[in-house]
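Novice: Mind docking chain H on chain D? Use the hints.
Quick note, the sequences are listed as chains D and H, same order.
In terms of the working numbering, the first sequence opens at residue 704 and continues consecutively.
In terms of the working numbering, the second sequence opens at residue 704 and continues consecutively.
If chains are identical, the list can't say which one is meant, so a pair holds when it fits in one copy or spans any two.
SDA-like, lysine to any residue: derived pairs with alpha carbons at most 20 Å apart:
1) K727 - I779
2) K732 - V780
3) K732 - T774
4) K727 - Y783
5) K727 - I773
6) K727 - S786
Quick caveat, the hints were computed from the structure, so don't treat them as lab data.
Number of protein chains: 2
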Amino acid sequence: MYWYLIGSIAAILTTFGFVPQIIKMHRTKSSRDVSLATLYQFSAGVVLWALYGLHLGDVIIIAANVVSFITIVAAIVLYYHYSRQ
Amino acid sequence: MYWYLIGSIAAILTTFGFVPQIIKMHRTKSSRDVSLATLYQFSAGVVLWALYGLHLGDVIIIAANVVSFITIVAAIVLYYHYSRQ
Numbered sequence: 704m705y706w707y708l709i710g711s712i713a714a715i716l717t718t719f720g721f722v723p724q725i726i727k728m729h730r731t732k733s734s735r736d737v738s739l740a741t742l743y744q745f746s747a748g749v750v751l752w753a754l755y756g757l758h759l760g761d762v763i764i765i766a767a768n769v770v771s772f773i774t775i776v777a778a779i780v781l782y783y784h785y786s787r788q
Numbered sequence: 704m705y706w707y708l709i710g711s712i713a714a715i716l717t718t719f720g721f722v723p724q725i726i727k728m729h730r731t732k733s734s735r736d737v738s739l740a741t742l743y744q745f746s747a748g749v750v751l752w753a754l755y756g757l758h759l760g761d762v763i764i765i766a767a768n769v770v771s772f773i774t775i776v777a778a779i780v781l782y783y784h785y786s787r788q
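Here chain D stands alone, though its shape is the one from the complex:
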């Protein structure tokens, strides 16, 4: 239970790690200094982490990385949206 909590908090923090970046891009309407390569590298990474989680049979790792992928895709969409302006 204790480790489940540690893993869950870890998962919540990194899964939603790009949410403040999404909010900041939305507020400033700018993505100029944001690294697109970082976003693409993370999106590829979390897909592979999800597969590795499947192998370990660890629900926390799978769920965290699937949700993470969704937030990173949202960040990439916003990046392109604001880089056009």
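Specialist: Just chain H now, kept in the frame of chain D:
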């Protein structure tokens, strides 16, 4: 061996995920659009992931998150450095 490879590639991609962001800040000498909250949230998250990895006894998860922490601290230092300019 196959899963070890998947896990290792996942670890390399996300561990060094902020390296392109560090390079971009260094090139543009600007961190204005970068979210500091994202960097702090990730640094807290990877510390907890490393602890969770210790619990699982998974060397890949431990190593990935320890190195990840170091690169995020480097990104935070650069953020402050360029936000002063």
